[in-house]
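S.K.: Each chain, written out:
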Amino acid sequence: MSDDDSVQASWPLYEVFLRGKRGLNHVHVGSLHAADAEMALRHARDLYTRRNEGVSIWVVAAADITASSPDEKDPFFAPSGDKVYRHPTFYHIPDDVPHM
Amino acid sequence: MTALEAHFDETLARDRRIEPRDWMPDAYRATMIRQIAQHAHSEIIGMQPEGNWITRAPSLRRKAILLAKVQDEAGHGMYLYAAAETLGTDRAELTGKLVSGRQKYSSIFNYPTLNYADVGVIGWLVDGAAICNQVPLCRSSYGPYARAMVRICKEESFHQRQGYELLLTMMRGTAAQRDMVQDATNRFWWPSLMMFGPPDDQSPNTAQSMAWGIKRHTNDDLRQRFVDMTVPQAEKLGVTLPDPALRWNEARGHYDFGAVDWDEFMTVVKGNGPCNTQRVARRRAAHEDGAWVREAALAHAARRARAKQVA
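So the protein lines, in turn, are chains Y and A.
Heads up: the first sequence begins at 1 in the working numbering, then just goes up one per residue.
Heads up: the second sequence begins at 1001 in the working numbering, then just goes up one per residue.
I should point out that these hints are in silico values taken from the structure, not numbers from a laboratory.
Predicted model, so just to flag it, every value in this text is computed and none were measured.
One should not assume that every hint holds.
Claimed, not checked - Computed spacing ranges between beta-carbons, pair by pair:
1. Y:F90 - A:E1010: 24 to 34 Å
2. Y:H87 - A:W1248: 53 to 63 Å
3. Y:V27 - A:T1002: 28 to 38 Å
4. Y:V27 - A:A1207: 31 to 41 Å
5. Y:H99 - A:G1253: 52 to 62 Å
6. Y:R22 - A:L1060: 29 to 39 Å
7. Y:T66 - A:E1005: 19 to 29 Å
8. Y:F76 - A:P1199: 46 to 56 Å
9. Y:T66 - A:A1281: 42 to 52 Å
10. Y:F90 - A:Q1071: 44 to 54 Å
11. A:G1101 - Y:L24: 39 to 49 Å
12. A:R1139 - Y:F76: 21 to 31 Å
13. A:N1186 - Y:T66: 50 to 60 Å
What the hints assert, rightly or not - Which residues of chain Y face chain A? A few of them, derived with a C-beta cut under 8 Å, are:
14. S10
15. S31
16. L32
17. A35
18. D36
19. M39
20. L47
21. R50
22. P70
Note that the Cβ used here is the ideal one computed from N, Cα and C, for glycine as well.
All chains, please: the whole structure from these sequences, using the hints.
M.R.: What follows is the structure, given as structure tokens:
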């Protein structure tokens, strides 16, 4: 066997998201390789929910994810940095105002 | 120092996690890949010593437990390969390096399992030592590895407890069964201590690994912790740990223990342990025998994708 097993390498990578229980969002838990999405779902069940960790699974081909780049992290998120008035603590309310 | 290096150092200094697409020094990336791959390989090879006994489990209960445990080891290997892949490597490439002997796995799996008590002792001592090693890795500076370790540590607890319970059961059995437990303990005790790696003064990479936050305690510290944890468990079980020098040291507040045979350790690491050849050969055969399944699944997926396009 050679080091670059081309067959294995061509099984695409899928990212796996689990809903832990009703009422919670799906959360990224890891990834796996599968020939197609249906197989990815089956493998995700075997790999990531052996102890009732999930009630719902999403699998997404890793190649289909568009992500922000860590290199431009600062400029990309800068617009929210100077908008302190979006936070409730920006506003001074007298202590004796109830329920606020 | 570049801005990227400064950002990396500052992230570590604040004990924050490095994430996959962050800039990191090449040496950090290479070390992480090696560490995670070696760990993943250990889980995968680690299926063999116990898998050896699945068809000969003494009861349906023990068989179901052992199957679940070996399946977990496969799962742990998969979590870890997935973590390694976030660093830009590929699982097939890592498997290639394992079966060609260019990447290592834990030497403990190069020892044979001679009787069913070995299944219990592996759970108790080998998984016990693994837990000692792995709990601090839940705080590894590399995020994907730390998260995989959290998941793994939760599952390892089942592994250790099923092993200890198996041994307790055998110790309540016949004299022959008790002898089996003692024999297995004698064979696995010293190799378990070797699992923590060479002594600190012969472990040149420890300082860098600790500075990078990918190792949280030294080999000797973890080994001592394991000995201190295990001695009372052995007493409760009623087995003798095969070390005449083992005794409580009031002044240190720890157990003293005898010298590990590091020559044996190096022999096994270099490939000359009792089972090195057969472990790697088995893994290679499984990989090669599975090739047609991987090819068929891919062909099936391609055909279905074409059919969908036409429809």
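S.K.: Look at each hint and say if it fits the structure.
M.R.: Results of checking the hints against the structure:
1. Y:F90 - A:E1010: 24 to 34 Å: holds, 28 Å
2. Y:H87 - A:W1248: 53 to 63 Å: holds, 57 Å
3. Y:V27 - A:T1002: 28 to 38 Å: Since the Cβ atoms of V27 of chain Y and T1002 of chain A sit about 34 Å apart, the hinted range of 28 to 38 Å holds.
4. Y:V27 - A:A1207: 31 to 41 Å: holds, 36 Å
5. Y:H99 - A:G1253: 52 to 62 Å: Distance hint for H99 of chain Y, G1253 of chain A holds at roughly 55 Å.
6. Y:R22 - A:L1060: 29 to 39 Å: holds, 34 Å
7. Y:T66 - A:E1005: 19 to 29 Å: This hint holds: roughly 28 Å between Cβ atoms.
8. Y:F76 - A:P1199: 46 to 56 Å: Given about 48 Å between the Cβ atoms, the range holds.
9. Y:T66 - A:A1281: 42 to 52 Å: holds, 44 Å
10. Y:F90 - A:Q1071: 44 to 54 Å: holds, 53 Å
11. A:G1101 - Y:L24: 39 to 49 Å: holds, 45 Å
12. A:R1139 - Y:F76: 21 to 31 Å: holds, 28 Å
13. A:N1186 - Y:T66: 50 to 60 Å: Given about 58 Å between the Cβ atoms, the range holds.
14. S10: It holds, given that the least Cβ distance between S10 of chain Y and chain A is near 6 Å, below 8 Å.
15. S31: At 5 Å from the nearest chain A Cβ, S31 of chain Y passes the 8 Å test, so the hint holds.
16. L32: Holds - the Cβ of L32 of chain Y comes within 8 Å of chain A, reaching about 6 Å at its closest.
17. A35: Cβ of A35 of chain Y sits 4 Å from chain A, so the hint holds.
18. D36: holds, 4 Å
19. M39: holds, 7 Å
20. L47: It holds, given that the least Cβ distance between L47 of chain Y and chain A is near 5 Å, below 8 Å.
21. R50: holds, 6 Å
22. P70: Since the shortest Cβ distance to chain A is 5 Å, the answer is holds.
In summary, the structure agrees with every hint in the numbered list given earlier.
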